[in-house]
Amino acid sequence: MQNTPQRAVNWSRIVKESLVAGLIALVLFFELVGVRVVDNPGGLGLRSRWLWLLIAVVATAVGRLLLAWRREILNNRPVADLGLTASDSGKSDSRIQIFTRYVAPLLIAFALTLPMMPFANRYIVDIATLVLTYVMLGWGLNIVVGLAGLLDLGYVAFYAVGAYSYALLSTQLGWSFWVSLPLAGLLAASFGILLGFPVLRLRGDYLAIVTLGFGEIVRIILLNWYTFTNGPDGISGIPRPSFFGLPFKRHVPEGTDSFSSFFGLDYSSMHRIIFLYYLILLLALLTNFFTLRIRRLPIGRAWEALREDEIASRSLGINPTNTKLSGFAIGAMFAGFAGSFFATRQGFVSPESFTFIESAVILSIVVLGGMGSQIGVVLAAVLLIGGTEMFRSLADFRMLAFGALMVAIMVWKPRGLLSNREPTVRLADHPEEPSPDLVAEQKS
Amino acid sequence: MLKVVGVQTYYGKIHALRGVDLQVNEGEIVSLIGANGAGKSTLLMTICGNPRAAGGSIHFLGQDISRLTTDRIVRQGIAQSPEGRRIFPRMTVLENLMMGALTSEPSYFDNDLERVTDLFPILKERASQKGGTLSGGEQQMLAIGRALMGRPKMLLLDEPSLGLAPLVVKQIFQVIEQINKEDGVTILLVEQNAFHALRLASRGYVMVNGRITLSGGGEELLNNPEVRSAYLEGGAKV
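Protein chains in written order, with the working numbering: chain A, 61 to 504; chain B, 5 to 242.
These are calculated hints, taken from the structure and not from any lab test. Check each hint, because a few of them may be wrong.
[Stated by the list, open to error] The calculated SDA-like cross-link candidates involving lysine to any residue, where the alpha carbons are at most 25 Å apart (straight line), are:
#, chain 1, residue 1, chain 2, residue 2
1, A, Lys473, B, Asp116
2, B, Lys128, A, Gln232
3, A, Lys473, B, Pro93
4, B, Lys134, A, Pro483
5, B, Lys134, A, Trp110
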């Protein structure tokens, strides 16, 4: 940059700011880091850790110094420079479009080939399966929150309904995974409608509170209806899915084939892991495909219109009742599918798996991804779910790293990683943006 | 075409409409003027079923619509360009127009789009821009255009001139006249801008405190001394 700052950097202000930050850090960290309660032979005692405290305070002060310094430099840039950045941000829309156009196929190609990669061991494929489960849940919730604009804090309830549907259908009635899957989706969808009816008139915060309550009600029923759900003990021995009737087992009864014997392969426990991976990949892609399609249909448009402005939508002939209910139902249906997958993968379900934190994580994925953005959900799921797995080595500091990550995203990308909304339709003969030469031509 | 008889509307305990009678015949432009809080917008909203009328009757094309839900009323052929425009800010102009066409036959779409962009050429230029980035005048044009996409028999316009520059107001009123003359859409216009509204209208109503106090031909009301002092010359006499 050839422009030198016009104003001198205001050092006294920067230093003052960093000192204040250091002071606040001193107060905050005094208790958190500076002193520690230890077990002494004579009872509890205090041990001081002044060096740690010093490090924390200095780190905060220096960090603040750097931030303030950077801000001063940016503020001092001459106006012409600022104009440049403004037009840059105007272009970021189309940059995201290009990003989406090229990255999405790459991601899908990567996902398809992942199990064949040389580094793909059991651990990696397992994590990838977990991430994809959350991608699917994120995409499902994106229909409700991102498209229809209905803030749902109890999404995990539908996930639970799907999981228990498959668990009960398979263990009680002996139904196979492929028969139970659509049924679990339907059941979850009807629960979505059940929730939808009482909350039709609610919006925003009030809706969020009721859905939160609904999530808890479902969990508590699962916990207490012992005769039906086996309560806190959960349901175990849920059958694993088969490959078109071929089980993934080492030993099968005489006269039947297993997956490995049918294809003449040596038995490997990886077969099932990889099959589960592809299964969830298929389900997730199905969710994505469905969402992309339905956005272009009248019902999808009606969801988006209702999110933007309910009164205007009604004055255009949209029936808010049906629109909202269908949003809840379809979002819930995908959670039901994901729940069935969860049950068959784990082989065991219990209310433990469906606590509020799950809803919170799924919602975080949607919000961090940028509400309504399909690829944003993928990035956020990889970051949040993959990230927490990666940070496992940090032990106690895992949640700290997780929190820092969330704060960082919200500071730099307050509207989510990819917050741009793709139009569903464009005029065929309409130039996206007039090119600069064209504008110049018209002017002359 | 539209017949409102003795309509009463409440907002909670507030008695907003105290027995309103109003009639709009096919092919007319009817203007409804009045001060802030007189109940003009409430009347339009009540015709659309939100809030529901607590008393009286509203007939459209001979059918009682006072018990129907908003979306059903709209499907009978009444479109509204609501107060404050209420376009969809994060959708593009084209998508906004598509939302307006939701209730009409898909095969009409191309024709209707062409007609609307003929009336408001700026909308074609702005087609891929987000609704929220339009200027106030363009947003108003989009709101009217969106309402027209549903091929309404009757169009309810709520203060289309609000907050717009005089030149833009003139253009909007010209288009309203065009919609009425060329497309045969009946128009009920609610306005503060009494001069423009009455000059355009074949008939007009004056509303005060939830009641119709005066009615007559557009010219006639324009020359009425009471109307002149209250709404045109800034006088204090009511």
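Now for the hints, and whether the structure bears them out:
1. A threshold of 25 Å between alpha carbons decides the hint, and for A:Lys473 with B:Asp116 the separation of about 40 Å lies outside it, so the pair is violated.
2. A threshold of 25 Å between alpha carbons decides the hint, and for B:Lys128 with A:Gln232 the separation of about 61 Å lies outside it, so the pair is violated.
3. At most 25 Å may separate the alpha-carbon atoms for a hinted pair to count; A:Lys473 and B:Pro93 meet this at roughly 21 Å.
4. For the suggested pair B:Lys134 and A:Pro483, the alpha carbons sit about 9 Å apart, so the restraint of at most 25 Å is met.
5. Restraint check for B:Lys134 and A:Trp110: not satisfied, since their Cα atoms lie roughly 56 Å apart, outside the 25 Å limit.
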